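2 protein chains.
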Amino acid sequence: MDTKSIIIDTATTLFQHKGYKGVGLNEIIKECNITKGSLYHHFPNGKEELLIACLQSMDEAITTDIVEIFNRHSNTLDAIQGTIDKLVTNFEREGTVAGYTFSSLVSDMASLSEPVRNACSSLYEKIIGIVSNKLVADGFSQETANSIALTMTASIEGGILLCLTQKASDPLKTISYVLPVLLKK
Amino acid sequence: MDTKSIIIDTATTLFQHKGYKGVGLNEIIKECNITKGSLYHHFPNGKEELLIACLQSMDEAITTDIVEIFNRHSNTLDAIQGTIDKLVTNFEREGTVAGYTFSSLVSDMASLSEPVRNACSSLYEKIIGIVSNKLVADGFSQETANSIALTMTASIEGGILLCLTQKASDPLKTISYVLPVLLKK
DNA sequence: GTCTATAGGCAGATAGAC
DNA sequence: GTCTATCTGCCTATAGAC
Numbered sequence: 001m002d003t004k005s006i007i008i009d010t011a012t013t014l015f016q017h018k019g020y021k022g023v024g025l026n027e028i029i030k031e032c033n034i035t036k037g038s039l040y041h042h043f044p045n046g047k048e049e050l051l052i053a054c055l056q057s058m059d060e061a062i063t064t065d066i067v068e069i070f071n072r073h074s075n076t077l078d079a080i081q082g083t084i085d086k087l088v089t090n091f092e093r094e095g096t097v098a099g100y101t102f103s104s105l106v107s108d109m110a111s112l113s114e115p116v117r118n119a120c121s122s123l124y125e126k127i128i129g130i131v132s133n134k135l136v137a138d139g140f141s142q143e144t145a146n147s148i149a150l151t152m153t154a155s156i157e158g159g160i161l162l163c164l165t166q167k168a169s170d171p172l173k174t175i176s177y178v179l180p181v182l183l184k185k
Numbered sequence: 001m002d003t004k005s006i007i008i009d010t011a012t013t014l015f016q017h018k019g020y021k022g023v024g025l026n027e028i029i030k031e032c033n034i035t036k037g038s039l040y041h042h043f044p045n046g047k048e049e050l051l052i053a054c055l056q057s058m059d060e061a062i063t064t065d066i067v068e069i070f071n072r073h074s075n076t077l078d079a080i081q082g083t084i085d086k087l088v089t090n091f092e093r094e095g096t097v098a099g100y101t102f103s104s105l106v107s108d109m110a111s112l113s114e115p116v117r118n119a120c121s122s123l124y125e126k127i128i129g130i131v132s133n134k135l136v137a138d139g140f141s142q143e144t145a146n147s148i149a150l151t152m153t154a155s156i157e158g159g160i161l162l163c164l165t166q167k168a169s170d171p172l173k174t175i176s177y178v179l180p181v182l183l184k185k
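Protein sequences appear in the order of chains P and H. The letter at position 176 of the first sequence is residue 176 when you use the numbering used here, and the numbering goes up by one with no holes. The letter at position 36 of the second sequence is residue 36 when you use the numbering used here, and the numbering goes up by one with no holes.
Be a bit skeptical, because a hint or two may be false.
One copy or any two copies: either way a pair holds, since identical chains are not told apart in the list.
[Stated by the list, open to error] Here are the simulated EDC-like cross-link-like pairs (lysine to aspartate or glutamate), alpha carbons at most 20 Å apart as the crow flies:
{"#": "1", "residue 1": "K167", "residue 2": "E125"}
{"#": "2", "residue 1": "K21", "residue 2": "E114"}
{"#": "3", "residue 1": "K47", "residue 2": "E94"}
{"#": "4", "residue 1": "K18", "residue 2": "E48"}
{"#": "5", "residue 1": "K173", "residue 2": "E143"}
{"#": "6", "residue 1": "K86", "residue 2": "E143"}
Note that these hints are calculated values from the structure, not bench results. If you're wondering where the values come from, they're calculated on a predicted model, not measured in any experiment.
Build out the structure end to end from the sequences listed, making use of the hints.
Structure, rendered in structure tokens:
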């Protein structure tokens, strides 16, 4: 694996756990066993350029993951519950659900940097699009599908926040139990 | 108004907009027209002690606000939609919904400080409790009420995140439109 | 492509005069 | 209770040798 990829992977994990402002370059290069010179060779524009690279990497990983889950299940309900199951499993094993959302590392940046906000916005739209398409395949109208997909995505995102603050996976489990109601025609 | 209250109010607004790590003490004292000596006189343990005071202040304001809205409306649906209306109005006027949630300033702290995490957890539990009580008054069983209240709270919290990243109030409006489905018996 | 050394600034925090 | 002056340490970023 090349140095640049190592930097991106390491920084991604650190950003996910501590937020953008919570991680210094010193911490990143120490974890990677490299030096500042090397980091600035790969990311001449410094920390924010590295963040953008990490967001792209996360975007790909999250999208791939969700697409795979949605292809594996025949209907939207199973797919959404499969997604939540995966989040719950992750949370119970690692104490985080870092790999699903940007929000944890974005709240301190979204008000400042436009490229970062755009990256988040585009990821959410992609996820909602995947859910919405499956709902249309289930027989919902496009408009209804969009509304339900947005609400489901918001519920899961909010559920993640609740799990993190309460240090328990119950909120997401409860949401998984309640969400089917949204799909009653 | 005394200096301590001015510090808390000013710092609260700054933390809400930029996150805990995103605001320096220098910015706070400049905004308050005071000096570091004065700040450390009122908060001897520094920045984190100030944050805790801000969280308490926010907790009171948010709880009072929601209790008032819930008392004003006769059923849960109207109360929830009234709450979302207020969030949407705030967002369209100020570009933030700072006054409702801790999440925006907590994501970079939750992994670090236990007192901060506890303050967030307790606020969420209070909000869910208010919603749940109203649902019981509407005739739902305690258990069902708890599940629905949690899901609604998560949806709104996630909706706030979507509004912030998309710089639009549509997500919360859509959620307000979809949520009634959760209340069908 | 990776290293060392260092610049320049701002962070949070403290001491002591008034 | 508020001020000025200052400390220490970390931050991002750069310059230049190898």
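Hints versus structure:
no.	hint	verdict
1	K167 - E125	between (28 Å within a copy, 13 Å between copies)
2	K21 - E114	both (16 Å within a copy, 19 Å between copies)
3	K47 - E94	neither (26 Å within a copy, 29 Å between copies)
4	K18 - E48	both (15 Å within a copy, 16 Å between copies)
5	K173 - E143	between (27 Å within a copy, 14 Å between copies)
6	K86 - E143	neither (28 Å within a copy, 25 Å between copies)
Comparing the model with each numbered hint stated earlier shows that hints 3, 6 do not hold.
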